[in-house]
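Participant: Make a model of the complete structure from these sequences and hints.
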Amino acid sequence: MAEFDKSSFDIGASGSLYKEKYGFYDPEKYVFKAKKGLNREIVEEISWMKNEPEWMRKFRMRALEIFFKKPLPQWGGNLNDIDFDDIYYFLRATDKAERSWEEVPKDIKNTFDRLGIPEAEKKFLAGVGAQYESEVVYHNIQESLRKQGVIFLSMDQGLAEHPDLVKKYFGTIIPAADNKFAALNSAVWSGGSFIYVPPGIHVDMPLQAYFRINAKNMGQFERTLIIADEGSYVHYVEGCTAPIYTSDSLHSAVVEIIVQKGARVRYTTIQNWSTNVYNLVTKRALAQEDATMEWVDCNLGSKLTMKYPSIYMMGKGAHGEILSVAFAGKGQHQDAGGKVVHGAPYTTSTVSSKSISKDGGRTSYRGLLKVYPGAEGVKSNVRCDALLLDEASRSDTYPYIEVDEDNVTIGHEASVSKIGEEQLFYLMSRGLTEAEASTMIVSGFIEPIVKELPMEFAVEMNRLIQLQMEGSVG
Amino acid sequence: MVDQVVSSKQVQAGFSRNAIELLSQSKQEPEWVRARRLEAWHLYEETPMPPPTDELWRRTPLQDLNLASVVPYAPPLIGGDILRALPPKLAHAANNTSAGGLLVQYNSSGAYERLADELKQRGVIFCDLDSAIRDHPALVREYLMTRAVTFTENRYSSAKPAIGKTGKHEGGGYGDTIGDLKFTTLHGAFFSGGTFLYVPRGVVVDLPLQSLTYFDEPNLAVFAHSLIILEEGASVKLIEEYASKETEAQRFSSGAVELILKPGSSLQYFHLQDFARNVWHFTSQTALLERDTSLTWLTGTLGSQMTKAFLDCKMIGTGTNASLLGFFFGDGQQHFDQHTFQNHIVGHSTSDLLYKGALKDKAYSAFRGLIRVNPEAQRSDAYQANRNVLLSQHSHADSIPELEIEANDVRCTHGATVGPIDPDQLFYLMARGIDQGEAERLIVEGFFDPLMQKVPLEPVRDELASAIRAKMGSWKSSL
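Keeping their order, the protein sequence lines are chains C and W.
In this text, residue positions in the first sequence follow our numbering: the first is -5, and each later residue adds one.
In this text, residue positions in the second sequence follow our numbering: the first is 283, and each later residue adds one.
The hints are simulated quantities; they were obtained by calculation from the structure and are not laboratory data.
Every residue gets a Cβ at the ideal spot worked out from N, C-alpha and C, and that includes glycine.
Among the hints, erroneous ones may be present.
Quick look at which bits of chain W chain C covers, simulated, 3 or more residues with Cβ under 8 Å [to be verified]: (1) 674 to 680; (2) 690 to 700.
Derived DSBU-like pairs (lysine-lysine); straight-line CA-CA distance at most 35 Å [what the hints assert, rightly or not]: (3) Lys255(C) - Lys141(C); (4) Lys64(C) - Lys30(C); (5) Lys161(C) - Lys141(C); (6) Lys544(W) - Lys644(W); (7) Lys736(W) - Lys373(C); (8) Lys310(C) - Lys644(W); (9) Lys100(C) - Lys445(C); (10) Lys310(C) - Lys544(W); (11) Lys103(C) - Lys297(C); (12) Lys30(C) - Lys63(C); (13) Lys402(W) - Lys309(W); (14) Lys364(C) - Lys402(W); (15) Lys30(C) - Lys141(C); (16) Lys174(C) - Lys364(C); (17) Lys445(C) - Lys63(C); (18) Lys644(W) - Lys373(C); (19) Lys644(W) - Lys402(W); (20) Lys736(W) - Lys638(W); (21) Lys638(W) - Lys364(C); (22) Lys64(C) - Lys644(W); (23) Lys52(C) - Lys30(C); (24) Lys309(W) - Lys364(C); (25) Lys162(C) - Lys255(C); (26) Lys255(C) - Lys644(W); (27) Lys174(C) - Lys162(C); (28) Lys638(W) - Lys373(C); (29) Lys310(C) - Lys174(C); (30) Lys103(C) - Lys310(C).
Facilitator: Following this line, the structure appears as structure tokens:
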């Protein structure tokens, strides 16, 4: 709860308030008013309020310059409608809690009900409740992690408590100049997770941002840094199957992962932003010798998602895996995929993508498979399958394959089809309605990836697909 | 107007409006041709040179392309026997009786034409484009760069609205791109020579026709244009070959191919390019397939320093069947950048693409194949495969097979592979006493063979086989 320490600064001289605020907060009395738009002052203010070290302030300022300089990407989805001046770049937790339950749209509430989400959790997900009663669970987990020497903090706390570790790795995998939205995140980041796993430690249960719910983890511009030291293992889970309701129209996160020699990291995302959100995320992992990196990326929500988790295999024998599911309904465009970059010999990777378009939705697989000179013995296989559920929908595949080395085995395959009439007939002849049969076929289509999710997520994911499929006729 | 002989001394290097006027004048062209050239020139001047940031051009930087030093056209050959002047590899064409007709373009103009009398009597027209403009103006005026390869529309730019039923900008994967517009406009301004083939309704031509383009003039830019029109139910096979003499100076070629298939017609078109290693070759090719047509379209790329090709197979009628085949073999520092477009505009059509390439030394290949199925194109069946064999550590292959599917009742798949020679195949041959170099040669020849077998003229097949053997010959195995 380091946040509250820092809130003291903006209250300035009013000493009585300082005490009241220490450890408690009261939104009504809060004096800091967030402003829309982006400029140097806002970024200075963010850094000042977070009481950050000088290098981070400079990093932010430099990133801001890069953001202003870089043009808006003209490929992929249509980004031209984003109004950068109509966005709050920094909201305190207190600002966020001002929404009432009544303001949450009805369809989102219905989805919560259908998924059977507990009341308190619902409110949190809708951005209504500021507290979530999982504190006890949270503390127990923190305790067991601490014994293993695992650091699991919010990025802000991580920076405050482990400045050297953060400084060593922050922005090294995804520099601010990587792309326009990485620059934006670098300038205004807030929240996200910081994880360090010591050598040889296996973290048994998946770590979820969920557990640190009080530490404001679901910001618009969260920044996550995971360092898995030699021979360690960790599974991080981000997001949840329930739709995340927010009135903010832009979510732009950066996730950096360093997988040291022989370590393994799995990063699972289930993205279900409400359909007014532009979700523009940069995720990249560096895999050293014999390390394994796995991205499991499920995109269900948002208006437009542009996200291509990447793995740079820079050590001999590293292995990368990307499993991606995208579901685009009405008005949605999922431009997702992945990048595998082979920079060392005998590295291997597989990419498997399953996308479903429905009600005029559009899914695009966009991927890169790159083999650098000298990376001999590389094996990589990319497989993309798309299912189109009606004639108004669209599916694209843009796989880039760049090979600079002869002694490699590279394969790519993609297919686009509709639900097979024979499959449908088979199921319907056994008494299922067309809708049930279609749902079952869709569930079966994504099953190879869903089975990689933690059990409770897989169950919810299947329920969500059922929900999305309702009213659709194959 | 008096005959004006423009000698090569008078043709200045570089492209300009004045050069177009001189070219049009020397050809004594009708006013409409001159007007079209000038319109194309106007658009050329308005279109910027594709920058390296352009999505369709970033694999082929153009900073080394020197357009100021090339001469836009060369005067026609007067007298002399062009068939004797052909390089040895094309000499077989001179006395090949298994071809129903032969055209030879030398430098910028047609220099030889022969067509079997029987075909002439049935109304087949096979001549260079300049003659066609003179003798068949109505046909040329209707089709020349008006429907297939046009310079007024940028089909690759997503800035233009998509044809989709939503009516709003959806865009392709390319963002704002110049596409092939810069070079089709230049071609539209300076086209010269070329091949014109017209097959009347219901005429089936059994013997393949052959057309050669050869140039040896230093610093010359050639603008060969092929316009092939098949009326309803017509059927023909055409083999086009491009070659040039090795010289020091950089040379430039900007070609266009228009294949127009009326309902029920059937075309086999073979486009074989083996230019010398100083040529920068740009080509835009479009096939327009009306209802119930069948097209086999094979592209062979062996020569040139740099080849940038845009192929667009536009299926505008139902029941069409297109087979797009390609082979390429790069060595030295050759750079090939090819785009194919299986453009399913209406439904019930099939397209099947197979491009195979081998690369050695420091050769570079980028293959980018797009399958697009419009919302109206239900029941489309599209397949695409790109297979690359890398024969050296420093060769480079990019493969970008793309799908843009807007209809649901379709079957679209693509596959791409990149790898070395299959070690199992090598082992098999070597276990039978064949040495490694020979075994590798056999495997590469076998890799290309199914495509070579499609070429209908045996001397051409032999010519291709020896070109591939020659490329393999200087190869030192990396294994």
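Participant: Each of the hints needs a verdict: does it hold here or not?
Facilitator: Verification of the hints:
no. : hint                  : verdict
1   : 674 to 680            : holds (count 7)
2   : 690 to 700            : holds (count 11)
3   : Lys255(C) - Lys141(C) : holds (23 Å)
4   : Lys64(C) - Lys30(C)   : holds (21 Å)
5   : Lys161(C) - Lys141(C) : holds (24 Å)
6   : Lys544(W) - Lys644(W) : violated (43 Å)
7   : Lys736(W) - Lys373(C) : holds (33 Å)
8   : Lys310(C) - Lys644(W) : holds (25 Å)
9   : Lys100(C) - Lys445(C) : holds (31 Å)
10  : Lys310(C) - Lys544(W) : violated (57 Å)
11  : Lys103(C) - Lys297(C) : holds (19 Å)
12  : Lys30(C) - Lys63(C)   : holds (20 Å)
13  : Lys402(W) - Lys309(W) : holds (25 Å)
14  : Lys364(C) - Lys402(W) : violated (54 Å)
15  : Lys30(C) - Lys141(C)  : violated (43 Å)
16  : Lys174(C) - Lys364(C) : holds (22 Å)
17  : Lys445(C) - Lys63(C)  : violated (43 Å)
18  : Lys644(W) - Lys373(C) : holds (22 Å)
19  : Lys644(W) - Lys402(W) : violated (48 Å)
20  : Lys736(W) - Lys638(W) : holds (14 Å)
21  : Lys638(W) - Lys364(C) : holds (20 Å)
22  : Lys64(C) - Lys644(W)  : holds (34 Å)
23  : Lys52(C) - Lys30(C)   : holds (22 Å)
24  : Lys309(W) - Lys364(C) : violated (51 Å)
25  : Lys162(C) - Lys255(C) : holds (17 Å)
26  : Lys255(C) - Lys644(W) : holds (34 Å)
27  : Lys174(C) - Lys162(C) : holds (23 Å)
28  : Lys638(W) - Lys373(C) : holds (20 Å)
29  : Lys310(C) - Lys174(C) : holds (32 Å)
30  : Lys103(C) - Lys310(C) : violated (49 Å)
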